[in-house]
Amino acid sequence: MRFRLKEGGRIDRAQRLRFTFNGRRYEGFAGDTLASALIANGTHLTSRSFKYHRPRGILTAGAEEPSALVQLGEGARTEPNLRATQVELYDGLTAAGVNAWPSANCDFAAWTGRLAPLFPAGFYYKTFLWPASFWKFVYEPTIRRMAGLGRAPEAPDPDSYDKRHVHCDVLVVGGGPAGIAAALAAGEAGARVLLVDEEATLGGALLGQRHKVDGVDGAAWAQAAAGRLAAMEEVRVLSRTTLFGYYDHNSLSAFERRTDHLGPGTPAGMSRQRLWNIKAGRVVLATGAHERPLVFADNDRPGIMLASAAQRYLNHYAALPGERAVLFTNNDAAYEAAHDIVEAGGTVGAVVDCRHEPAAPLAPKLEEAGVALHTGSVIAATHGTKRVRSVTVAKLGEGGGLSGEQYRIFCDSVLVSGGWNPAVHLFSQSAGKLAFEEARGIFLPGKATQALEAVGAANGSFGLASCLAEGAAAGARAAEAAGFGDGTPPPTPPVEAPEPGAITPFWLAPGQKPLGHGKAKHMVDHQDDVTAADIRLAAREGFRSVEHVKRYTTVGMGTDQGKTANVNGLAILADALGKTVPEVGFTTYRPPYTPVTFGALAGRDTGPLMDPVRRTAMHEWHEAEGAVFEPVGQWLRPWWYPRPGEDKHAAVARECRAVREAAGILDASTLGKIDIKGPDATTLLDMVYTNAFSTLKVGRVRYGLMCGDDGMVFDDGTTARLGENHYLMTTTTGNAAHVLEWLEEWLQTEWPELRVYCTSVTEQWATVALAGPRARDVLAAVAPEMALDTDSFPFMSVKEGIVAGVDARVFRISFTGELSFEINVPWQHGRRLWEALMEAGAAHGITPYGTEAMHVLRAERGFIIVGQETDGTTTPHDLGMDWIVSKKKSDFLGKRAWSREDSRREDRKQLVGILTDDPKKVLPEGTQLVETRGQPPIPMIGHVTSSYESPTLGRSIALALVRSGRARKGETIYAAPESGFLPCKVTEPVFYDPEGAKRDG
Amino acid sequence: MAEAAAPRSPLAGLGKALAEMRADGVTIAEGPARTRLNLRLDQKDVEALTAAGAVLGGSLPRTPNTAATTVNGTALLWLGPDEWLVTGSAEAGAQLEDTLRARLDGRHHALTDVSAMYATIALSGPLAREVLMKGCRLDLHPRAFAPGACVQTSLAKANVILHQTDDAPSYEITVRNSFSVYLATWLLDAMAEHRPA
Amino acid sequence: MLWIDCPWCGARPETEFRYGGEAHIARPDPATTDDAGWADYLFMRSNPKGVHAERWMHREGCRRWFNALRDTVSNDVLTIYPMGTARPDAPGDEAGGG
Amino acid sequence: MKKFSIFSLARNALSHHERWPEQWRSPAPKPAYDVIIIGAGGHGLATAYYLAALHGITNVAVLEKGWLGGGNTGRNTTVIRSNYLWDESAALYEHSLKLWEGLAQELNYNLMFSQRGVLNLIHNVHDLQEATRRVNANRLNAVDAELLSTEEVKAFCPILNTTAKTRYPIMGGTLQRRGGNARHDAVAWGYARAADARGVDIIQNCEVTGIDVEAGRVTGVQTTQGAIAAKKVGIVVAGHSSVLAAMAGFRLPIESHPLQALVSEPLKPVLNCVIMSNGVHVYVSQSDKGELVIGAGLDPPNSYSQRGGLHTIEDQMGAIVELIPIFSRVRMMRSWAGIVDVCPDASPVIGKTPVEGLYINGGWGTGGFKATPGSGWVLAHTMATDEPHPLNAPFALDRFTSGALIDEHAAAAVAH
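Protein chains in written order, with the numbering used here: chain B, 1 to 1001; chain X, 1 to 197; chain G, 1 to 98; chain D, 1 to 416.
Quick caveat, the hints were computed from the structure, so don't treat them as lab data. In this text, all values refer to a predicted model and were calculated from it rather than measured experimentally.
When the alpha-carbon atoms are kept at most 25 Å apart in a straight line, the in silico SDA-like pairs for lysine to any residue are as follows: (1) Lys-154/D / Gly-75/B; (2) Lys-888/B / Glu-724/B; (3) Lys-136/B / Ala-155/D; (4) Lys-126/B / Lys-268/D; (5) Lys-165/D / Met-270/B.
A short list of chain G residues far from chain B (calculated; beta carbon distances all over 10 Å): (6) Trp-8; (7) Asp-40; (8) Arg-45; (9) Ser-46; (10) Gly-50; (11) Glu-54.
Ideal placement from N, C-alpha and C gives every residue a C-beta, glycine not left out.
Make a model of the complete structure from these sequences and hints.
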């Protein structure tokens, strides 16, 4: 660690940490970032750039880092594209620069740099066109291999993630001086405050500077303030947490890294990262500012970094940027960096200031210290490949070119400062408009559209004193808005810090050759290798809008989202177009501020918790019996119950036979049940069903179809009249919630005069369908007091009584065609009822059957399933169910639509039965049907909606929707080529007991 | 009326996991079986409201997001402007239902027994709020949500009735049977980080 | 995440609601409405850029329907009002129902 | 139009790329045109291009309120496929796909059209029925389609979690190998350059503020750059269709919603096709730059805000991480929203309007990008001949009166 200062900084020299980078072993201290540790070891080269594979180093000390991107860790826990400037060092850390093979030091793909002249912005739009066939097999695969930065892990993520929702009166974003002041003010007023800061410790800019607050070192003051905040009950401070998204209605989201700094692996039960969803009363944006680089020839060599970054590495991490530094600036503030280096015993070779009379108060001090001061000058060239070795300095002439002699200055680091860009990203995300200030060449928050305030550097106030003052004032105001305090800010502590001083915006330093000529590159976007020449090219080619230029050149489209590149690029574009910056416009920032892992966004809602599994009262019994489950919406329903050695086919056949020949039981609890009460209940039913319910007698049950006002069937089920004004409606499993909402919607929005109450009782009742010729005997055994003979308990009626010792509601309805009882008992007794029936039925060969057998049985009988025989374009008439459409009722939902032209078409698709000529062949459900065999294209006349092997009929059966199907009875049609144009006969859609003789057993 | 047969809770399968869960600052347990009646009434129908109040031993809360507890320990949960959930002891059951129905006879109302429709999960302790806030978007901070507060909302991906019963804080989460195993599993997972090391 | 004011339960996240689309579309009398009129009722919408009169239902809460005026550009909810009442005037409301 | 090629690149390299011409002019509007297209997105520019290239109508202006390609063209996830259920849809989208296949050469612009295959996942029996129905229909319509078993899905895209241990296990998939992606911006730029070269005026920063109608016939438009007369006007503005229709005095069966999308940081190649799952509402692919491109679902409320809520994206990510567990540590880099115009039957409206000489092409919902060439092609035909082409005749506005919807919801196909 030869560039580590013997003392100072805030790293813990007592804790040495070993780490490996690009295959080399290093040592650092606790408190280091990967970047600071590398710099302390004199390593600046970290990775290669996206396009030209140019050697790249560490440009910044924070979230805005565009180039020092690393692949962290290995195996299932490896993580791509992390910024070395934000990776906290831990013992045993391993990392490597991205986009380099075999290594950043010797990169195979560096040859691409030599072809640079062929790769201007957007070159790929202009070539790889010939021969056409090469794109897919040669060009694109090559481009893909070259592109991309890091690698995704190859194994599933072993770590877990979670989420936390939080409400606060005042959200303060940013833990620098302004943010701390705001949080203190709001917290002291008693408001609920949330302070979010992306770093490990509070302090922000103070951590990089030697300014004093309240008479002590700024960082020390920040730590003390952190202590005070921690002591306030209603204040929560989230460190290592990035506020990345500002959404509508003051909803914001933050990304907390809970364990990454500890290294791989997380404590048991602990989430690695956490997503915070925040609802804030008011927001104080104290997000600070990013120093912007100057754009000059070959300004991207390792060793060239932001002045403020060098200052941060020096003052916080006690690491010198190198042996000999050169500062290149257009503003006074940056002199501080050079001064700090000199103070720390480092060497600054020269200060190059593009201004003619720098007003920097520190200038004389530096000259005293022997630092050469080149005013009105620029860096015209830099030299050195994997590390800057020297720079060429020249005077700025009239007309912006170089003039006079050029000096070569040796150095191994260059500190650059082009001024400061307020971090307005979140303000822009909040839908606030930005304003441009010519004098300093910066974008500032304009009019806010949400309850927020930007303060401090984020608001263009770069002075420490004003940061503290603005923060305190905003914090107090925000607290007052929430009803705490009177809005008067607490006094702010005295500071010892220079005012930011003067700046002259400077966008592009001339090189030794005209822009774009020769090898030199004026890099604007360090990550995507976008140069000033590229931006001019885009302008030349007619790309006038900043959005066009972004997309054409990719400036600002990298993982840093252009934090260091956007404003420079914009100004260079404006210059190229001869316009002002505001005229060229500014891109709107979108979330996230910095990238967020998919894992954190998913939280714990993955795997078994991705979506609720809904279970019935008998679920555990089904599991124990080895049922195979079918997902139906969120429900899991028994599909079939294989016995040892049985496949699906055998199991389903056995279950079907049992129902037809003896007795079977099905768990029907998932069907929706709605209790409908009120004097106008009948009127409601008459409107929502196609048939009439006014004629239904108490104690009887009726099947109904529901249509939308577009005339299409969307649900069906049976409804029982339990009393004069009391009904129980059943719905399909998938539509249970939807149908209740449907009824409520009409009652509340269209027919408020109807006095009806609807209550879901779906999960009050566990439902068992007991079906088969022996069903009555089985039920009799468990319901001795219930009269079950056909006269006292006729088909389509309901009875209440005691079954298996429990109060039950029994319906005599049938979805199989066999004698059948649907027994409802309170949910908690469902398992008991089921087991009682199994026991009582043993003698009768009772067999549990699943949804597959149920589907086969109802298809044999020709009963439809909504969503299978219907698809949202099917009317009751298409289903051949005219019998259920009331001719008497003047109005009900759906009726009007049937008189529309398309609904009256003769050749609509109609439900028919399909029998394959070869009884053994079972058509796949969904199979399309055609009239003629041949080569596609072939017109289709319909499709198979249901298709099974029918154990009862000993052959395959199918239902289908076929154009003019009813007129085709007896005709031969063909299944789609996938089924080998299998010939089939069109038949009635009922294959079993058409007279319904079986229903009474 | 059948002789009371032993009911089986939808959470029976998770009984062991719930019983064995140990976490610092928060406990989880299944709530007892209850009588639950869903009551629909036009809240402008003062007579009906009074009648119901008389039977219940306390008036039905008219303030949204609240629950009232009557002298005889029946909890009256506000569910909507014309909807309440009346929850009493399992024993109260049929008798309560019958008297209410009798008293409301002739007035437009709906009284529906939903005793068997829900499971309840009790979450309690200083960290209970922390656990809930991992899946609840509402503000449960004491300044916004105190004992007696009762809301219908989403917890994780399930619809629940969330009722704070004391300022331990303790919460009673009422969830539909079919979602109860999912929700309990989710809560156990959310509590895991508080397990003693 | 929008926060919508349920007239009964207060401010709740939009995920608790069902969005009900354009408000004030009454079901016309089927007997006297021609196909075009029926298509109008079923499908045609004003879909304004600006203030939109729309319906919401608090699905996860009290399950009550209500109307709201919301600016479809800013997403600001200007006011809420009961079903069956006329569209109120709202600040910046020049769409007038479109 | 100077031809693009590796040779022109080399030639221009010698002159330091300082001699490249404008890819399109930025002209001031003329007082009158034969045809005005409102909206310089892919669909509008394609319409103008085909009017000029196929119908010899070159006195055309494309008016754009912002910058060309800045709407949904530049905001979508660029999925291209034609495996639609209904004959009408399949015909239109397949015609479009055929145009895609020669488009880069025709426009002399590399659109990076990448036929890497679109894989739709099957998670339950209903999905399987729908998939079989769709694959059968596609093949009978001579559209390439395959039904894959779970094993075949795994073989085609190994990073998918095809184990039974997921919440919604993958039961198979359907594959259209000719489907894939293209570079969205390039499509707009390529059409713009080619249309401009044929004399079409593309006028940016020119917002239409009114549509002039006399005696039921359109006569021109009012814009922020003054009044412009035209014999025929086409509305091709996606999310803003209803706004323009209102200017002409009619309503549409369209509602506008924010549709969010996001990209990850660039990764080395890891995903070799487009994955779509209707069951868990996900679609994801990897761009040539290496970014994972992921589409989220619609935010339900009508909105013109080009903003959505994070909760929509959170749900998406639960599903993505479930389907492709190795993406858990990958990071979302950028998210945004477009304004999509959705019809009740998830099919577009292309053709005449109640106003004579005024045509509309909208209601594409979340699926417009793939149709760009075909959409422009049929609208150009319709505007040139004042008669819908058989390909777009079924997509006329009057289907909502007759009830002859083309209901892609019915197929439960993901409408992307």
